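Model the full assembly from the supplied sequences, consistent with the hints where possible.
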Amino acid sequence: MRISIFRRERVLPCGVAIAGLAAAILAGPALRAESGQAPAPSKPAPAPRPKAPSPAPAAASLPSARSIIDRHIKALGGRAAILSHTSSHATGTMTVAGSGITGVLDIYSAKPDKSLLKINLGGIGEVREGFDGVHAWTLSPITGPALTQGKELEEKKFDADFYSDLHEEGRYASMKTVEKTTFDGRPCYKVSLIKKDGSEDFDFYDVETGLKAGAIGTRESQMGPMSVTQVHTDYQKFAGLLVPTTLKQTVMGMDQVLKLTTIEFDNVPPSTFDLPAQIKALIK
Amino acid sequence: MKRNGILVVGAVLLTVSVSPGAAQVPQATETFDAAWTIIRDTHFDKTMHGLDWDAVRAELKPRAASATSPAELRAVIRDMLGRLGLSHFALIPAGGETSTQGANGASADTSGDPGVEVRLLGRDLIVTHVDREAASLVRPGWRITQIGSKSVDDLLRALPEAGPDQGNRHQQVEAWRIAQTHLRGPSGSKVDVAFENGQGAIVRLSLPRHFEEGIPVTVGSLPTMYVRVEKDKKATPSGAVAGVIKFNVWMAAVDAKFQQAMDELRRADGLIIDLRGNPGGLAAMLMGISGHFIGERKSLGVMKTRESEFRFAANPRLVDASGQRVEVYGGPVAILIDSMSGSASECFTGGMQAIGRARVFGQTSMGQALPALFDRLPNGDVLIHAFGDFVTADGTRLEGRGVIPDETVPLTREDLLAGRDRTMEAALAWVDKTRPARNLQHP
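So the protein sequences, as listed, match chains C and X. Our numbering puts the first residue of the first sequence at 8, with every later residue one more than the last. Our numbering puts the first residue of the second sequence at 2, with every later residue one more than the last.
Hints may contain errors.
[Claimed, not checked] Calculated lysine-lysine pairs in the BS3-like style (CA-CA distance at most 27 Å, straight line):
hint: 1; chain 1: C; residue 1: 291; chain 2: X; residue 2: 299
hint: 2; chain 1: C; residue 1: 158; chain 2: C; residue 2: 81
hint: 3; chain 1: X; residue 1: 258; chain 2: C; residue 2: 125
hint: 4; chain 1: C; residue 1: 158; chain 2: X; residue 2: 305
hint: 5; chain 1: X; residue 1: 247; chain 2: X; residue 2: 434
hint: 6; chain 1: C; residue 1: 291; chain 2: C; residue 2: 158
hint: 7; chain 1: C; residue 1: 287; chain 2: X; residue 2: 299
hint: 8; chain 1: X; residue 1: 258; chain 2: C; residue 2: 291
hint: 9; chain 1: C; residue 1: 121; chain 2: C; residue 2: 187
hint: 10; chain 1: X; residue 1: 299; chain 2: C; residue 2: 164
[Unchecked claim] Reference excerpt, derived from the structure (chain C facing chain X, CB under 7 Å, subset only):
hint: 11; residue: 107
hint: 12; residue: 108
hint: 13; residue: 151
hint: 14; residue: 152
Quick caveat, the hints were computed from the structure, so don't treat them as lab data. Being a predicted model, the structure only gives us computed values, none of them experimental. The beta carbon of each residue, even a glycine, is placed where N, CA and C say it ideally should be.
Here's what the structure looks like:
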């Protein structure tokens, strides 16, 4: 199982695309459910399929991408507050909508670009994915240990930037406000982010609050490129910073919901990002 | 014959069964609509292979709305699923394990298993494997004539006819399901079974049912499955050693045990992976398991969804269980399959066959190889729905076709009665033939 970190966004553990989970639950056993009559408990309806951003008439003049992002940074708590932190550890839960799959997660990040994601999923076990600044890797009971290579590795490095939320000069080849649109039912500015390799991500920023409402992008995976749509909600303040504590991602037609319950800053030991023995053995 | 959309059978999932009727059908319309909509939005073929999906809804929704029992509602939804004519569209009833008596006299509590595995040969249910108490009482090759109060002839009367394109594979699966439905029951109970012992004598036994052995694994809303991984060493005709690894379902719990088995069998002259009776599981696992035999990220096949294609590439397993660097297994690999090898087993086997990394022995597999997801419906039932089509690296589509062995070895009652496993024998003989050349390449 592959876990892709998509747009880690500084200390915020947002943008975790568990692409591989989708792969993991594909092709369940051929199965047969005996016809019959069962009590019908009231259960939640299946989660709606991903909402495509609905276009709206373009405004006569749109704010610049830089100004939109700066407004977002300010809404979060400000550039100085963001830069005051050097690491973070978030804990929470993950569910795959409608499937009954749940798990607990730990997300560690540190400057400049280290990351470790642990997800323990019921019936599957612990999946780990990390980046120590050089090597990106995955340890999964589904696919075994693997080093990330090629474009996927480059994307991991890009996404692991601890301060990526600042969208610092040079991170992108270009940034441009595309339109004012509706995303997840909210009026948002859609910002195109062209990376230096020419690939493009889109961020959506809430017109009213200035906070990031979500993103759409494509990331390489062991199974090929995967499109990921993220929705960020339930911003809460931790150590002076607003953090979206609910992140819904749509990957391979599956909705994954991550809910963060705790976030701690500046207390992550550097050894957290050390490579596991199985991964070290893969490095020649 | 209409496939009814639920002909795919998961051995380990059979515990989902039936329960008594309810007086009303809460959320019938919502449940029907949810199932219809999910399939509309996720089916890998937007055209539904030409099926007018709106017309299906228009026809069936009124029936769903007027259903007077959960069973009736499920019948309507299954009718809808059946119109698709594909595997991996199924419905798992909610709360199926909580009641005591199901349809057709079968128990809804199917937690107990008497340890008798069967296959359909002709129109006969023949024992192919026994374990637990049954191992000392029953022999492979015996023909089951009666389960409980029902004769096998009666039980199998409703079997679908063999299709022109798919032979009797649907019959095989359905017969297996019928047998398991009646053999299984509450753990601790007994099931009366009559056998014809191959010599014309009828043997009547009361076999105790026990909880299924293995590591219990529950993934989301799917029923609990019990993972078993067995390893063995067998001598080839010339005295070489072949390692044998058998597992019953593709669940994550398999991986560590498979790794341990590989570490033990790494020096074997050949490897035989026995997937007979393995109905599938987590498809992504085939990337990890195949990586024990493939040293590069070679694709075994592609899953085609409505919008994208995703490759199932081997993840070379270059580390052993203790974290030491190793090479992938380079010797000959044989895979054994039969009519009850399905889904992920087929994707793996077909993929390994397509890239020439394994030789396949046995009988043609289920032909039910569509990647699927599962969603809980408003009434609590779980909808299994295919959202991808799997095509092997050489372009072979497995759905409706199955994996055709390189060496087809018919399953016969005579062999079973004689205690012979000709499929295994063929694989061992092939290891002998292949070993010298392979060993030159992979000393």
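These are the hints, each one checked on the structure:
1. A distance of roughly 20 Å separates the Cα atoms of residue 291 of chain C and residue 299 of chain X; the hinted pair therefore holds under the 27 Å criterion.
2. The straight-line distance between the Cα atoms of residue 158 of chain C and residue 81 of chain C is roughly 32 Å, outside the 27 Å bound, and the hint therefore fails.
3. Taking the CA atoms of residue 258 of chain X and residue 125 of chain C, the gap is near 22 Å; set against the 27 Å cutoff, the hint holds.
4. Restraint check: the Cα-Cα separation between residue 158 of chain C and residue 305 of chain X comes to about 22 Å, which is no more than 27 Å; the hinted pair holds.
5. A distance of roughly 22 Å separates the Cα atoms of residue 247 of chain X and residue 434 of chain X; the hinted pair therefore holds under the 27 Å criterion.
6. Our distance criterion of 27 Å between C-alpha atoms is met by residue 291 of chain C and residue 158 of chain C, whose separation comes to about 19 Å.
7. Taken as a hint, the residue 287 of chain C and residue 299 of chain X pair is honoured in the structure, with Cα atoms around 22 Å apart against an allowance of 27 Å.
8. Distance hint between residue 258 of chain X and residue 291 of chain C is fulfilled; the C-alpha atoms sit about 26 Å from each other, no more than 27 Å.
9. Our distance criterion of 27 Å between C-alpha atoms is broken by residue 121 of chain C and residue 187 of chain C, whose separation comes to about 34 Å.
10. For the hint pairing residue 299 of chain X with residue 164 of chain C, the CA-to-CA distance comes to about 24 Å; that is within 27 Å, so the pair holds.
11. Contact between residue 107 of chain C and chain X, as hinted, is supported at the beta carbon level, the nearest pair being about 3 Å apart and thus within 7 Å.
12. With a cut of 7 Å, the hint placing residue 108 of chain C at the interface with chain X holds, because the nearest CB-to-CB distance is about 4 Å.
13. Because the beta carbon of residue 151 of chain C sits about 4 Å from the nearest beta carbon in chain X, less than 7 Å, this interface hint is met.
14. The interface hint given for residue 152 of chain C is met, as the beta carbon of that residue sits about 6 Å from the closest beta carbon of chain X, less than 7 Å.
Going through the hint list in order, the structure does not satisfy hints 2, 9.
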